[in-house]
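Using the sequences and the accompanying hints, generate a full structural model.
Residue numbers (our numbering), protein chains in the order written: chain P, 158 to 494; chain E, 8 to 345.
What the hints contain is simulated information worked out from the structure, not anything from laboratory work.
The beta-carbon is built from N, C-alpha and C at its ideal position, and this holds for glycine as well.
Check before you lean on any hint, since a few could be wrong.
[Stated by the list, open to error] Distance condition first, Cα-Cα at most 30 Å in a straight line; then the derived DSS-like pairs of lysine-lysine: (1) P:Lys287 with P:Lys299; (2) P:Lys250 with P:Lys299; (3) P:Lys287 with P:Lys313; (4) E:Lys36 with E:Lys71; (5) P:Lys432 with E:Lys71; (6) E:Lys253 with P:Lys432.
[As the list claims (entries may be wrong)] Quick look at which bits of chain P chain E covers, simulated, 3 or more residues with Cβ under 8 Å: (7) 336-350; (8) 375-387.
[What the hints assert, rightly or not] Facing chain E, a subset of chain P residues (Cβ under 8 Å, in silico): (9) Leu245; (10) Leu247; (11) Thr356; (12) Ala359; (13) Gly363; (14) Leu364; (15) Leu368; (16) His370; (17) Leu423; (18) Pro427; (19) Asp430; (20) Glu435; (21) Leu436; (22) Asn437.
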Amino acid sequence: MTDISVGLDPRATLLHVDDLHVEFRTRDGVAKAVNGASFYLNPGETLAILGESGCGKSVTAQAVMGILDSPPGHVTGGRVLYRGVDLLQLAEKDRRQFRANRIAMIFQDALSALNPVYTVGFQLAELFRKHRGMSRAAAKVKAIELLDQVRIPAAKERINDYPHQFSGGMRQRVMIAMALALDPEVLIADEPTTALDVTVQAQIMGLLAELQHQRNMGLILITHDMGVVADVADRISVMYAGKIVEEAPVYDIYARPAHPYTKALLESIPRLDHKGRELNVIRGLPPSLTDIPQGCAFHPRCGYARDICRMDQEPPAYQIAAHRIARCHFIREVLGV
Amino acid sequence: MSDVSDLVLDARGLVKHFPITQGIVFKSKIGAVRAVDGVDLQLRRGETLGIVGESGCGKSTLAKLLVGLEKPTSGEITVRGENMVRLSGPALRRARRNIQMVMQDPYTSLNPRMTVGDIIGEPYAIHPDAVPRSGRERAVQELLDLVGLNPDHINRYPHQFSGGQRQRIGIARALALRPEIIVCDEPVSALDVSIQAQVINLLERLQRELGLSYIFIAHDLSVVRHISDRVAVMYLGKIVETGHHKAIYEQPTHPYTQALLSAVPVPDPRLRGHRDHIVLEGDVPSPANPPSGCRFRTRCWKAQPYCADHEPLLQVRQRAPHPSACHYAEIRDVLHRY
Ligand SMILES: Nc1ncnc2c1ncn2[C@@H]1O[C@H](COP(=O)(O)OP(=O)(O)O)[C@@H](O)[C@H]1O
Ligand SMILES: Nc1ncnc2c1ncn2[C@@H]1O[C@H](COP(=O)(O)OP(=O)(O)O)[C@@H](O)[C@H]1O
Ligand code: SF4
Ligand code: SF4
Ligand SMILES: [Mg+2]
Ligand SMILES: [Mg+2]
Chain P
158 MTDISVGLDP RATLLHVDDL HVEFRTRDGV AKAVNGASFY LNPGETLAIL
208 GESGCGKSVT AQAVMGILDS PPGHVTGGRV LYRGVDLLQL AEKDRRQFRA
258 NRIAMIFQDA LSALNPVYTV GFQLAELFRK HRGMSRAAAK VKAIELLDQV
308 RIPAAKERIN DYPHQFSGGM RQRVMIAMAL ALDPEVLIAD EPTTALDVTV
358 QAQIMGLLAE LQHQRNMGLI LITHDMGVVA DVADRISVMY AGKIVEEAPV
408 YDIYARPAHP YTKALLESIP RLDHKGRELN VIRGLPPSLT DIPQGCAFHP
458 RCGYARDICR MDQEPPAYQI AAHRIARCHF IREVLGV
Chain E
8 MSDVSDLVLD ARGLVKHFPI TQGIVFKSKI GAVRAVDGVD LQLRRGETLG
58 IVGESGCGKS TLAKLLVGLE KPTSGEITVR GENMVRLSGP ALRRARRNIQ
108 MVMQDPYTSL NPRMTVGDII GEPYAIHPDA VPRSGRERAV QELLDLVGLN
158 PDHINRYPHQ FSGGQRQRIG IARALALRPE IIVCDEPVSA LDVSIQAQVI
208 NLLERLQREL GLSYIFIAHD LSVVRHISDR VAVMYLGKIV ETGHHKAIYE
258 QPTHPYTQAL LSAVPVPDPR LRGHRDHIVL EGDVPSPANP PSGCRFRTRC
308 WKAQPYCADH EPLLQVRQRA PHPSACHYAE IRDVLHRY
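Below, the structure is given as structure tokens:
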């Protein structure tokens with residue numbers, strides 16, 4: 158572990174993903190899943206990556222983690238800078254070190270992330286034995302401590318249970334414990350509560366927030382749920398067809414979205430706290446990633462679109478304010494200024 | 008709205024227990040999953056009744072009972088004055104025409120080997136008298152048009168359609184027999200938000216144009232509020248609170264409804280830290296072995312010893328202006344406490 162730390166620059170941004178490109182080369186053609194995604198993350202901060210299914214959120218996370226399904230997936234460009242070190246340039250054995258120790262990830266489906274044939278206690282203790290060189294007894298104590306921290310009742314007994322013996326919510330807690338075991342500085346949570354009921358979702362989001370706060374950990378929350386985002390995010394990156402089309406602090410984006418897609422999304426969701434009128438509809442469908450429209454990828458669905466949007470040149474990322482970016486030719490019109 | 012003649016559906020005391028058996032050759036019943044355990048509901052013409060509750064609380068089983076896909080263990084379902092539970096044969100088939108279902112998953116609920124025309128026209132094969140054979144293609148094309156699909160796509164297969172379009176196909180099929188009632192079981196849960204809005208608007212338009220009544224089941228409380236006139240909240244096979252949407256969302260009286268509402272994230276960051284958060288401990292108990300007395304008591308922060316051996320009835324109470332199944336029901340506005 159010490160050798161990879163050498164190149165790390167403690168003054169550099171915790172995580173900076175710069176112009177990331179990922180393709181899937183399959184028989185059906187080349188799917189351009191990520192097309193120049195850029196974002197950054199600071200310690201203690203929560204960045205939400207928001208987008209509809211298929212827009213490239215999970216693939217982005219997999220590329221950052223170095224767990225892309227490859228082939229068919231290939232990173233074709235960009236950098237993933239962790240404290241200034243480009244992870245994409247590291248040898249696989251160094252990346253593996255990063256995965257457990259520096260950047261960890263949790264998923265929607267905890268069962269597939271846990272090994273079904275080992276007890277939860279064994280899997281946790283293994284992490285401490287392998288990466289921290291702990292004795293069996295010490296590792297077991299740590300495992301219990303960790304399960305306690307994620308509020309698994311009767312942790313002492315439950316370490317002997319297998320993953321399938323836990324309920325959905327409890328399993329999610331076990332997975333969080335596994336991810337946090339080696340004190341990562343970055344946690345990527347890919348739709349961590351999408352499969353859960355709201356009361357359990359609230360428990361898990363509360364737990365994540367608390368653990369993040371205690372550890373001053375950077376959290377990337379990948380989700381399609383604009384309610385969850387409003388509750389927990391500091392900043393939001395809205396993704397469409399493999400690109401971040403808008404990036405903004407959470408209060409700004411909900412109060413005044415600058416990109417037509419963000420605006421349309423916010424107007425299309427029903428509200429809990431009042432009975433609204435007819436929902437605004439975004440016409441059509443998200444594009445196929447093997448055939449992304451030229452110009453602005455959103456133009457076939459956009460109410461603001463004009464000829465320039467259909468041209469070759471895609472809209473550049475305009476800086477609207479500090480920390481606010483949107484990729485649209487008509488930002489002023491959308492903002493109403 | 009209060010006229011009895013407006014009542015299109017009246018279900019009383021619905022119960023569905025699934026036996027739990029042991030042994031392979033000599034099966035013996037060792038218990039029962041009490042999926043639906045005494046539900047009453049009424050639906051009026053042109054009205055939408057929303058049903059919310061967490062997974063496993065019995066929503067889908069209730070839906071299947073209402074459309075006759077499952078036989079109730081006990082209870083009555085009266086549609087237009089006829090008790091569906093007692094009917095059989097042709098009489099049952101005729102009565103069922105009036106109440107159709109739209110399922111959740113647009114990917115698995117459509118037969119991949121059938122054309123869209125055959126899928127939507129399938130009800131005509133079961134009810135040949137509904138539309139004469141010669142008029143069926145026309146009828147299917149009209150249905151496609153009605154739900155916003157291209158009538159020329161009648162010979163395409165489900166995989167050639169997106170998720171939202173498949174849900175439209177499911178809706179067209181449900182409309183084929185011109186029912187008065189449609190039971191929608193999580194019809195938009197599998198869809199992306201931008202597509203969800205399209206389907207919700209379609210359902211609302213069809214209701215206006217055709218005078219349909221909906222039972223709209225979903226776990227998403229925001230969607231249910233948007234579309235419902237009245238709402239019923241389910242927990243472990245029972246309705247725990249029911250009333251006008253405004254009553255349920257703004258004056259909830261049952262601790263479970265209050266917890267559920269307080270847990271739903273609202274897409275407005277300004278409310279952060281200003282909302283009433285009720286965090287429930289633990290998970291929902293198994294419907295095979297529900298707690299005695301009040302079923303919610305194992306997770307209820309207001310539970311008293313009395314709750315363990317007295318089951319609360321769903322009724323109007325001193326501090327609960329609409330029916331609530333809690334001994335200590337009391338209004339608490341969890342959404343608007345800023
Ligand atoms: N294993 C894979 N093989 C081929 N294509 C893939 C694979 N994983 C993802 N893709 C492609 O990448 C696109 C983006 O997927 P993903 O990142 O999972 O979307 P989401 O935003 O829903 O997480 C998909 O639409 C698909 O075309
Ligand atoms: N055919 C069946 N046999 C046995 N148990 C069932 C069957 N269908 C549903 N159940 C059980 O009944 C309960 C209610 O299920 P369901 O009606 O699907 O709930 P919901 O739709 O609210 O998630 C669950 O515990 C479920 O496992
Ligand atoms: S660039 Fe044009 S098409 Fe794209 S979002 Fe802006 S207005 Fe719409
Ligand atoms: S009856 Fe008792 S346990 Fe049940 S909801 Fe009311 S207070 Fe809670
Ligand atoms: Mg994903
Ligand atoms: Mg269901």
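So, going through the hints one by one against the coordinates:
1. P:Lys287 with P:Lys299: At roughly 13 Å apart (the allowed maximum being 30 Å), P:Lys299 and P:Lys287 satisfy the hint.
2. P:Lys250 with P:Lys299: OK: P:Lys250 and P:Lys299 at ~25 Å, within 30 Å.
3. P:Lys287 with P:Lys313: Satisfied, since the Cα-Cα distance of roughly 21 Å is no more than 30 Å.
4. E:Lys36 with E:Lys71: At roughly 23 Å apart (the allowed maximum being 30 Å), E:Lys71 and E:Lys36 satisfy the hint.
5. P:Lys432 with E:Lys71: holds, 28 Å
6. E:Lys253 with P:Lys432: Within the cut-off at roughly 9 Å; holds.
7. 336-350: violated (count 0)
8. 375-387: Check passed, 7 qualifying residues.
9. Leu245: Cβ of P:Leu245 sits 30 Å from chain E, so the hint is violated.
10. Leu247: Since chain E brings no Cβ nearer than about 35 Å to P:Leu247, farther than 8 Å, the hint is violated.
11. Thr356: holds, 5 Å
12. Ala359: holds, 4 Å
13. Gly363: Status holds, d = 7 Å.
14. Leu364: violated, 10 Å
15. Leu368: Where the cut-off is 8 Å and the nearest Cβ of chain E is about 16 Å from P:Leu368, the hint is violated.
16. His370: violated, 14 Å
17. Leu423: Holds, because the Cβ-Cβ distance from P:Leu423 to chain E comes to roughly 7 Å (cut-off 8 Å).
18. Pro427: holds, 3 Å
19. Asp430: holds, 5 Å
20. Glu435: This interface hint holds because 6 Å falls under the 8 Å limit.
21. Leu436: holds, 4 Å
22. Asn437: Holds: closest Cβ of chain E sits about 7 Å from P:Asn437, inside 8 Å.
Of the numbered hints stated above, those contradicted by the structure are hints 7, 9, 10, 14, 15 and 16, listed in ascending order.
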